[in-house]
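Required output: the full structure, derived from the provided sequences and hints.
Protein chains in written order, with this note's numbering: chain A, 1 to 68; chain B, 1 to 270.
Quick caveat, the hints were computed from the structure, so don't treat them as lab data.
For each residue, glycine too, the CB sits at the ideal point set by N, CA and C.
Among the hints, a few may not be true.
A short, non-exhaustive set of chain A residues, derived as facing chain B with CB atoms under 8 Å [stated by the list, open to error]: (1) M1; (2) A27; (3) A34; (4) A55; (5) L56; (6) S59.
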Amino acid sequence: MARLRSFGAFWYDFVIGDDWRGGAAVAAALVLTAVLVHSQGINAWWLLPASVLAALGWSLRHATARKP
Amino acid sequence: MNALPLFLTVFAACLVEAVEALTIVLAAGLTRQWRSTLQGMAVALVVLAGITAGIGPALTQVPLGALRLVVGGLLAAFGLQWLRKAILRFSGHKDRHDEASAYAREVAAAQAVAAGRRGVVSDWYAFTLAFKGVLLEGLEVVFIVITFGDTQRDLGVAALAAAVAVAVVTVTGVAVRAPLARVPENAMKFSVGVMLTAFGTFWGSQGAGARWPGGDAALLVLVPVIALVSLGYGVTLRRSRAAADAASPVPAAAPGSVPSAAVPPGEAVR
Numbered sequence: 001m002a003r004l005r006s007f008g009a010f011w012y013d014f015v016i017g018d019d020w021r022g023g024a025a026v027a028a029a030l031v032l033t034a035v036l037v038h039s040q041g042i043n044a045w046w047l048l049p050a051s052v053l054a055a056l057g058w059s060l061r062h063a064t065a066r067k068p
Numbered sequence: 001m002n003a004l005p006l007f008l009t010v011f012a013a014c015l016v017e018a019v020e021a022l023t024i025v026l027a028a029g030l031t032r033q034w035r036s037t038l039q040g041m042a043v044a045l046v047v048l049a050g051i052t053a054g055i056g057p058a059l060t061q062v063p064l065g066a067l068r069l070v071v072g073g074l075l076a077a078f079g080l081q082w083l084r085k086a087i088l089r090f091s092g093h094k095d096r097h098d099e100a101s102a103y104a105r106e107v108a109a110a111q112a113v114a115a116g117r118r119g120v121v122s123d124w125y126a127f128t129l130a131f132k133g134v135l136l137e138g139l140e141v142v143f144i145v146i147t148f149g150d151t152q153r154d155l156g157v158a159a160l161a162a163a164v165a166v167a168v169v170t171v172t173g174v175a176v177r178a179p180l181a182r183v184p185e186n187a188m189k190f191s192v193g194v195m196l197t198a199f200g201t202f203w204g205s206q207g208a209g210a211r212w213p214g215g216d217a218a219l220l221v222l223v224p225v226i227a228l229v230s231l232g233y234g235v236t237l238r239r240s241r242a243a244a245d246a247a248s249p250v251p252a253a254a255p256g257s258v259p260s261a262a263v264p265p266g267e268a269v270r
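Quick look at the structure:
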């Protein structure tokens, strides 16, 4: 069980890293893009790059916020 | 897509990882024992080659749309990590990765442990240090080679770029017998982060079903836009950090951060 946990932790750290915000924003934007394209017929090519850049700003803001 | 951007992106990414692996190998080899170090390095390279040979061709069987969706998402998340780290280092909110001090830390740790033999390995510590260092840094190389190579259906060019990068670093490392501290690692990390994020975004959107205006030419806009916005974040954070440090006699720095004065002038991320 401990090995399984450390295996999962390694891959989480490898792909997601120090902050989950980037990975979460990418996943959410991909799902939303697919929904918009396939069910609404909207060519939402702009959604992922906009989400990625917003997530980067959010993550940086969180990382540099001074603790009280 | 032209093979040149693919080659250059994989080459730059692999160069950064190879420099980090070289630091660990040199620390193990020069302070412990070269034979066990090279054994550890060789075993790690065999494992990495096995992973590449196993996963790389298998992924070519996956439909391109699904591959681009998954690989694009992973690359974008991976690229964001690199960008975030490079921007935090540039703005003085995180220590710069310093190969010379990383080398000194590894040497101190290596000198503190006694040699122990296991089977054909005469110095187990040197073996495991080299094995782990090469395997962990190499996994990132493998990930980038496989994702870029398979998504572009050009695994050969991606593998060649990685091999050239590793060869360049190995030859340079053997020649100077010291960690490559003068490689502008943060600037390279920033550039690679931009490319990984741009390609990940491009392929991910395509995999989700979106069509880019202009097709592949959209990358010529996407790359500079991501670079400029990221640079803007970096400059803004650096200025606010400098202003906060100037206003406060004792900087309320977060753990692990360095004052902006510690960032040498002219070391800007380009």
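List, from low to high, the hint numbers that the structure doesn't satisfy. 1
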